[in-house]
Amino acid sequence: GQQLNQSPQSMFIQEGEDVSMNCTSSSIFNTWLWYKQDPGEGPVLLIALYKAGELTSNGRLTAQFGITRKDSFLNISASIPSDVGIYFCAGRGGATNKLIFGTGTLLAVQP
Amino acid sequence: DAGVTQSPTHLIKTRGQQVTLRCSPISGHKSVSWYQQVLGQGPQFIFQYYEKEERGRGNFPDRFSARQFPNYSSELNVNALLLGDSALYLCASSLYTGSTYEQYFGPGTRLTVT
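Note that the protein sequences, when read in sequence, are chains A and B. Under the working numbering, the first residue of the first sequence carries the number 60, and numbering increases by one thereafter. Under the working numbering, the first residue of the second sequence carries the number 23, and numbering increases by one thereafter.
FYI, nobody ran anything at the bench for these hints, they're computed from the structure. Do not take every clue at face value.
Computed footprint of chain A on chain B, listed as stretches where at least three residues anywhere in the stretch have a Cβ under 8 Å from a Cβ of chain A [to be verified]:
1. 34-43
2. 78-87
Simulated DEER-style distance windows between Cβ atoms [to be verified]:
3. A/Ala-137 x B/Thr-136: 27 to 33 Å
4. A/Thr-127 x B/Asn-99: 35 to 41 Å
5. B/Thr-119 x A/Gln-62: 50 to 56 Å
6. B/Gly-50 x A/Gly-75: 36 to 42 Å
7. A/Leu-165 x B/Gly-38: 20 to 26 Å
8. A/Ala-137 x B/Pro-92: 45 to 51 Å
9. B/Asn-93 x A/Asp-77: 26 to 32 Å
10. B/Arg-44 x A/Leu-165: 46 to 52 Å
11. B/Asn-99 x A/Glu-74: 42 to 48 Å
12. A/Pro-98 x B/Ala-102: 26 to 32 Å
13. A/Thr-127 x B/Ala-102: 23 to 29 Å
Counterexamples of contact, computed for chain A against chain B with all Cβ distances above 12 Å [stated by the list, open to error]:
14. Gln-61
15. Leu-63
16. Glu-76
17. Thr-83
18. Asn-89
19. Thr-90
20. Gly-99
21. Glu-100
22. Pro-102
23. Gly-112
24. Gln-123
25. Thr-127
26. Pro-140
27. Val-143
28. Arg-151
29. Lys-157
Fair warning: this is a prediction, and the values are worked out from it, not measured in the lab. Backbone N, C-alpha and C fix where the C-beta goes; we use that ideal spot for every residue, glycine too.
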């Protein structure tokens, strides 16, 4: 199935470090969503973006809707051990609620 | 407030059998979408239902079907199960009105086909 390109594939960092990840698409999207998924659980919505260029924060998380509408970025500042998990981007482009997900970024934080 | 609920949590079936998965959306949400997540990959869109009507369908065979009830809960049915159908099946709930398209996922149903 179709998946968006998400990078990096994995990150191993020290507690307190900042993290950046991005997602790119060959198609234009009207909505970008970022999710975090823990093993065996469903994805949890972190941030929703609706306008090109939009910058939105949720605590230590900041996400941006790329100006070209084909990419999005997620930053996590001052990482903590509970940030561990898989982060997915997801784009919505049409009239339906169909989300196309990225390949995921595995984040490991060492205390 | 209760989030999205799904049942059962886990399910083991044999090839050729049929399975029904259930989902209850967040109160007030009228749209339900179903996704399949194979281990190591992101979720793949299967269906969207809004106000009991199918609004979108992903690239899945006709063995997959779904419906939405008047109380907005939904069922996903899969017939003639194949080994490749083993996955986490996720239900997502959404208001799907105006400019709000945020989707909230349930914990999923882990289906194992042997």
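*Which of the stated hints cannot be reconciled with the structure, identified by number in ascending sequence?*
Hints 1, 3, 5, 7, 9, 10, 13, 14, 15, 18, 19, 20, 21, 22, 28 and 29 are the ones this structure does not satisfy, whereas the remaining hints hold.
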